Amino acid sequence: MTRIAAVGDIHVGPDSAGKLAPGFRHLSERADALLIAGDLTRRGTPHEGEILLGELAGVDVPIIAVLGNHDVESDRQDELVAVLEEGGVTMLDGTTTVVTCADGGSVGVAGVKGFGGGFAGACGTAFGERVMKEFVRETEREAAKLKDALTSLETDHRIALLHFSPIEATLAGERLEIFPFLGSYLLAEAVDTAGADLALHGHAHHGSERGVTPGGTRVRNVAQPVIGESYRVYEFAAARSNGAAPATGEVAAVH
Amino acid sequence: MSPDRPIPPEYLITHIQQALGQDPRARELGVDVAVAGGRVVLTGTVATSAQRLAIGEVVCELVDCEAPEGHEVVNELAVVEAREGGPVEELA
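Chains H and S supply the protein sequences, listed in that same order.
The numbering of the first sequence is the working numbering, which starts it at 33 and goes up by one.
The numbering of the second sequence is the working numbering, which starts it at 1351 and goes up by one.
Take the hints with a grain of salt, since some may be wrong.
[To be verified] Restraint-style ranges between C-beta atoms, simulated for each label pair:
| hint | chain 1 | residue 1 | chain 2 | residue 2 | range |
| --- | --- | --- | --- | --- | --- |
| 1 | H | H79 | S | I1357 | 35 to 45 Å |
| 2 | H | A270 | S | G1435 | 31 to 41 Å |
| 3 | H | D180 | S | E1411 | 43 to 53 Å |
By construction, these hints were calculated from the structure, which means they are not laboratory data.
Please read these numbers as outputs of a predicted model, since none were measured by experiment.
Where a beta carbon is used, it is the ideal one built from N, C-alpha and C, also for glycine.
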């Protein structure tokens, strides 16, 4: 049995000291790792990163995160990542990490920030203006990084950790007009091509928690305003995963 | 558009949302803004109570909430709760 805690969009700012730590008090007893799906900070400053580390000080399990759009707002993401990694957080950007659990099982995590672009039938195309091409190609690069990272994992279970959404279903509740700024089908295609047991994302504060990719991979929007608590916990069975998708998507039992 | 005429709500909403993204006190994109009947209503969820107040302050300045001709600001933003202990989801 392997348990993974996850949350996104915690938006730590200068006024956040002492606000998050109480919600992580029992996390180390409940999960083997904590995954954070981007928007760790409000403005992406190293100082906010230091405040975040203070909030996470009581967490004794591996902490794994990707950046979100807020974390690149000040264009100081390299400094932010350095602060967080110095503090023991594993930051993923087209890279992977493996969590080995108490029962000997392994969970591989592949992470990217991702980007927007929209979904099948209503998405941007690399055509016309240079900035439009660059917009779409940014997402193509992120998706390619994700696919390669996931493919490289040879663990019992595989998780795709994102900030932007791979599917529309977990955006339900957001205005339809802004879907192209909230995610891209290219991320789902990468997940389905490489195979994964679970895809986690944030970014859509007004979205919905549960969905499934076109290929059947479970997707969870763990943005804190969506889940309404400090983190969610996902439990994997001990059996080895083959990355295959459940036939109907929403088969997860909640107890 | 004459400078004497009131700004249409559609433009005011976008001005407020742009300001909330760019003002250093706010830096928040997840606020829903509605304008009607001389009121600006803010809804959504933010990280801290200080952030909630700062957002209200930024909007208040932008719409002259203290002035008779300004808009009243109704701050209905919620603050995320840091509680834990929710159900575990088993991935079969």
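Each hint tested on the structure:
1. H79(H) - I1357(S): 35 to 45 Å: With Cβ atoms ~36 Å apart, the hint holds.
2. A270(H) - G1435(S): 31 to 41 Å: The hint (31 to 41 Å, Cβ to Cβ) is violated, given that A270(H) and G1435(S) are roughly 24 Å apart.
3. D180(H) - E1411(S): 43 to 53 Å: Holds, at about 48 Å.
Checked against the numbered hints given earlier, the structure breaks only hint 2 and satisfies all the rest.
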